[in-house]
Each structure stands twice: as C-alpha cells, then as structure tokens.
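Engineer: Generate coordinates for the entire structure from the input sequences, incorporating the hints supplied.
Protein chains: 2
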Amino acid sequence: MTNTSLEVIGYVRCDYKEKFGIPRQSGLTDCATAFIEMLPPYNQAEAFRGLDGFSHLWLLWDFSKAHKNGFTATVKPPKLGGNQRMGVFATRSPFRPNNIGLSSVRLLDIIYNEENGCVHGLVVSGADILDGTPVYDIKPYLPYTDSHPEATGGWTDSLDIPELSVRFSDDITAKLETIFSSAQIEALKEILAQDPRPGYQDEPNRRYGMLYGGYDIRFTISGDTLTISEVAEPGPQ
Amino acid sequence: MTNTSLEVIGYVRCDYKEKFGIPRQSGLTDCATAFIEMLPPYNQAEAFRGLDGFSHLWLLWDFSKAHKNGFTATVKPPKLGGNQRMGVFATRSPFRPNNIGLSSVRLLDIIYNEENGCVHGLVVSGADILDGTPVYDIKPYLPYTDSHPEATGGWTDSLDIPELSVRFSDDITAKLETIFSSAQIEALKEILAQDPRPGYQDEPNRRYGMLYGGYDIRFTISGDTLTISEVAEPGPQ
Numbered sequence: 007m008t009n010t011s012l013e014v015i016g017y018v019r020c021d022y023k024e025k026f027g028i029p030r031q032s033g034l035t036d037c038a039t040a041f042i043e044m045l046p047p048y049n050q051a052e053a054f055r056g057l058d059g060f061s062h063l064w065l066l067w068d069f070s071k072a073h074k075n076g077f078t079a080t081v082k083p084p085k086l087g088g089n090q091r092m093g094v095f096a097t098r099s100p101f102r103p104n105n106i107g108l109s110s111v112r113l114l115d116i117i118y119n120e121e122n123g124c125v126h127g128l129v130v131s132g133a134d135i136l137d138g139t140p141v142y143d144i145k146p147y148l149p150y151t152d153s154h155p156e157a158t159g160g161w162t163d164s165l166d167i168p169e170l171s172v173r174f175s176d177d178i179t180a181k182l183e184t185i186f187s188s189a190q191i192e193a194l195k196e197i198l199a200q201d202p203r204p205g206y207q208d209e210p211n212r213r214y215g216m217l218y219g220g221y222d223i224r225f226t227i228s229g230d231t232l233t234i235s236e237v238a239e240p241g242p243q
Numbered sequence: 007m008t009n010t011s012l013e014v015i016g017y018v019r020c021d022y023k024e025k026f027g028i029p030r031q032s033g034l035t036d037c038a039t040a041f042i043e044m045l046p047p048y049n050q051a052e053a054f055r056g057l058d059g060f061s062h063l064w065l066l067w068d069f070s071k072a073h074k075n076g077f078t079a080t081v082k083p084p085k086l087g088g089n090q091r092m093g094v095f096a097t098r099s100p101f102r103p104n105n106i107g108l109s110s111v112r113l114l115d116i117i118y119n120e121e122n123g124c125v126h127g128l129v130v131s132g133a134d135i136l137d138g139t140p141v142y143d144i145k146p147y148l149p150y151t152d153s154h155p156e157a158t159g160g161w162t163d164s165l166d167i168p169e170l171s172v173r174f175s176d177d178i179t180a181k182l183e184t185i186f187s188s189a190q191i192e193a194l195k196e197i198l199a200q201d202p203r204p205g206y207q208d209e210p211n212r213r214y215g216m217l218y219g220g221y222d223i224r225f226t227i228s229g230d231t232l233t234i235s236e237v238a239e240p241g242p243q
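Taken in order, these protein sequences are the chains called A and B. According to the working numbering, the residues represented by the first sequence are 7 to 243, in order. According to the working numbering, the residues represented by the second sequence are 7 to 243, in order.
Calculated from the structure, these hints are not laboratory results. Check the hints yourself; a few may be wrong.
One copy or two, it doesn't matter: identical chains are merged, so the pair holds either way.
What the hints assert, rightly or not - Pairs of lysine to aspartate or glutamate, EDC-like flavour, derived with a Cα cap of 16 Å:
| hint | residue 1 | residue 2 |
| --- | --- | --- |
| 1 | 195 | 169 |
| 2 | 181 | 239 |
| 3 | 195 | 115 |
| 4 | 74 | 121 |
| 5 | 82 | 52 |
| 6 | 74 | 13 |
| 7 | 195 | 176 |
| 8 | 74 | 163 |
| 9 | 195 | 222 |
| 10 | 82 | 21 |
Predicted model, so just to flag it, every value in this text is computed and none were measured.
Structural biologist: And the structure:
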C-alpha cells in the first residue's frame with residue numbers, strides 16, 4: 007500500500023510567468039531569486055529549525071503545466087536539436103510517469119512572520135521553476151551524500167552550450183531600470199544569455215517574446231548576440 | 007490543479023528486509039547493490055535510451071513503512087542522540103508532509119530481458135532503501151547542476167560518526183560464506199561498520215539483530231568494536 011495523494015506545502019513565487027525562457031536546470035542562473043511561500047500547517051517556525059545552516063536545498067515540486075495522459079517512453083531534449091529521442095529516464099524532462107520535479111537551489115533567507123510566529127517563506131536562488139508551481143517537499147542538501155563531482159553526465163556531457171552576448175540599448179536599459187530592480191535585471195541578463203530558444207530554431211529575423219516579472223521581453227537573436235527590442239506590458243490574457 | 011496520485015514504476019529488491027540497519031543516507035555503502043525491478047509499461051527498453059552513459063542516478067521512492075497521519079513539525083535525528091529536535095525540513099527524516107524519499111545511487115548495470123525486449127531492471131549501489139519499496143521516478147544525476155561540493159551541511163557537518171571495527175569469528179565467517187556472496191559479505195561489513203544502533207543506545211551487553219538477505223545477523227557492540235555472535239534463519243513472521 008503506497009500513498010496516493012500529495013499535499014501541497016507551498017507555492018513558488020517568481021518572475022517566470024510562462025515556460026518559455028525558464029533556465030533548463032536549476033543553479034544555472036544564480037542571480038534569479040524565487041520565494042517559496044509556505045502554507046499552514048507546514049509553515050510552523052519549528053519545522054525549519056536547523057535549516058539556516060544549510061547553504062543549499064532540494065525542492066520537490068509539481069510539473070503543473072506538463073501533465074498529460076499516458077506514458078511515452080522517449081522525449082526529444084530541446085538541446086539535442088529537438089529531433090533526437092532519449093529515454094525519459096535518461097532525461098529530466100517534465101513528461102514522465104510521475105510529474106515530480108527536483109531542483110537544488112541556494113538558500114538565501116528564511117522569512118518569518120513576526121505577527122503569527124510562522125515562516126512566511128524561503129528566499130532561494132537558482133530555481134528553474136514556473137511562478138505558481140506547487141511544492142511538495144523541502145529537504146536539506148547534504149554535500150557528503152548528494153555531491154558527486156566525479157559523476158559522468160552521459161549525453162549531456164557532450165553538449166556545447168555557448169552563452170549569448172546580451173545587448174540592451176540605452177533606451178531599453180532606461181526602461182528596464184524604471185520597472186525592475188538591478189538584481190532582476192542581472193537575472194534577466196543571465197537567463198537570456200543562456201539562449202531561451204529551442205535548440206532547433208535559428209531564425210535571425212524572428213522576434214521572440216518572453217514573459218518576465220509581468221512584462222513581455224521581446225528580442226531577436228543573430229549569431230551569438232541577443233538584442234532586446236522592446237519591453238512591453240503584456241496584453242490581456 | 008495538481009496531480010494527486012502517484013504511479014509505482016518499479017520496486018526495490020535488496021538485502022535490507024527491515025528498517026533497522028539500513029544506512030542512513032545513500033552512497034555510504036558502495037558495496038551493497040540493489041535491483042530496481044521495473045513494471046510495465048515503464049519497462050520499455052526505449053525509456054532507458056541514453057541512460058547507460060550516466061554514472062549516477064536519482065531515485066524517488068516511497069517511505070512505505072513510515073506513513074503516519076498528521077504533520078509533526080520536528081523530528082529527533084538518531085545521530086543527534088535522539089533527544090534533540092530538528093525541523094523536519096532541516097532533515098531527511100521519513101516522517102514528512104509527503105513520504106517521498108530521494109537517493110543518489112551509482113548505476114552499475116541495466117538488465118534487459120532478451121525475450122520480450124524490455125528492461126528487467128537496474129543494478130545500483132549505495133541505495134539506503136528497504137526491500138520492496140515502491141519507486142516513483144528515476145532521473146539521471148547531472149553533475150553540472152546537482153553537485154555542490156562546496157555546500158554547507160548545517161548541523162550534519164558537526165557530526166562525528168566514527169566507523170566501528172567489525173569482527174567475524176572463523177566460525178561466523180565460514181557460515182556467512184555458505185550463505186552469501188563475497189560482495190554481500192563486504193556490504194554487510196560496511197553496513198555494520200556504520201553502527202546501526204540509534205545514537206542514544208550504548209549498552210555493551212545488549213544483543214542486536216538485523217535482518218539481512220533473509221537471515222538474522224545478531225551482534226553486540228562494545229566500545230568501537232562490533233562482534234557478530236550468530237547468523238540465524240529468521241523465525242516465522
């Protein structure tokens with residue numbers, strides 16, 4: 007007999023409002039912070055006792071936008087050009103038998119609610135998770151058992167993922183500065199530098215849009231340079 | 007809307023037949039192997055394509071012997087002497103809001119069933135998991151994003167966990183050799199050297215028993231030496 011239901015213990019609150027543009031693995035954009043808002047009764051301050059000594063955490067969460075029926079044995083990793091299939095168990099694809107995501111993040115702060123003595127939530131960085139994602143567990147990262155720097159990364163070892171150079175014009179920079187904090191702007195640069203396009207697209211004239219922090223960031227990519235062309239308020243949904 | 011049910015994709019088959027004696031974290035006993043038996047439809051060979059290039063895996067599994075009702079914010083880690091409470095989110099305790107265990111293991115082999123073209127299962131080492139445990143997911147270990155050797159381990163950093171010296175008499179050695187493979191005997195030595203007692207017990211005359219590979223391994227511990235006194239067939243359940 008196994009458990010068949012999962013309790014949501016919290017929700018991710020962050021600037022990633024849609025799947026497009028989210029870093030493909032955790033830890034790649036250390037600038038971008040996320041807030042893990044805790045729900046009662048899991049927000050009792052006692053439940054976090056001793057957590058502040060850990061630099062990193064594991065988050066277990068729900069691939070809430072990737073549910074589908076039925077099992078497909080293979081997936082097409084975007085970074086393999088989107089036309090090569092790998093076994094789902096050889097990938098971290100969201101389309102898997104159970105939609106549980108696993109991310110290691112850096113713990114920056116624990117925010118207590120002075121009024122009720124509970125934890126409001128955790129500030130973390132490096133999360134590759136969509137805003138509003140349900141969280142199922144928080145576990146401490148234990149370096150003596152979780153860290154295997156000598157591990158081989160299989161087909162991911164041979165991926166050559168160059169960073170893009172990201173260009174903001176003076177106008178765009180001024181606009182960004184009226185909207186975002188400097189940390190958010192740094193995070194946006196990091197995210198864009200990792201090339202949010204699927205691996206099989208290379209259309210210099212195509213205009214891409216990515217929702218970030220409630221705004222639609224529009225850009226083009228030519229060669230290894232990404233240029234932001236507009237920062238627009240998103241239209242009605 | 008989140009998923010509320012989990013599909014069992016396989017079962018752990020190993021020599022740990024009861025909770026007592028299981029290593030407290032994955033990777034501590036590299037000798038001990040476990041078999042992850044896959045269930046249809048998740049055993050399709052295609053689902054494992056590309057997995058053989060990874061040296062390590064993550065297993066997500068069910069703490070099937072640790073279900074309980076209600077949420078308790080703190081737990082008593084055995085290695086803290088069993089009388090000090092830590093927040094559940096600062097531990098890897100099985101008693102947590104969702105009973106999902108997380109273990110990194112070494113991938114030793116993928117066993118194919120020649121007759122039906124499916125995967126029978128995976129041979130792994132370092133699993134800290136009970137025999138018969140339901141498995142929910144298998145993910146590749148990605149060293150570039152999962153390995154943080156610089157991470158701080160909070161209260162676990164200050165634990166001093168000395169290894170016991172394990173003594174087998176000639177009689178016991180001969181008996182073990184008639185029952186177990188030499189790899190199983192090595193694994194048993196590793197497991198016992200890590201001191202299976204809860205941290206708060208220190209009774210030199212107490213006789214402990216641990217089920218391993220279908221046999222009841224009985225031993226005493228005095229100072230830093232563990233001596234096996236008997237290897238018995240377990241009684242009727």
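Engineer: Against the structure shown, which of the earlier numbered hints fail to hold, in ascending order?
Structural biologist: Numbers 3, 4, 8, 10, in rising order.
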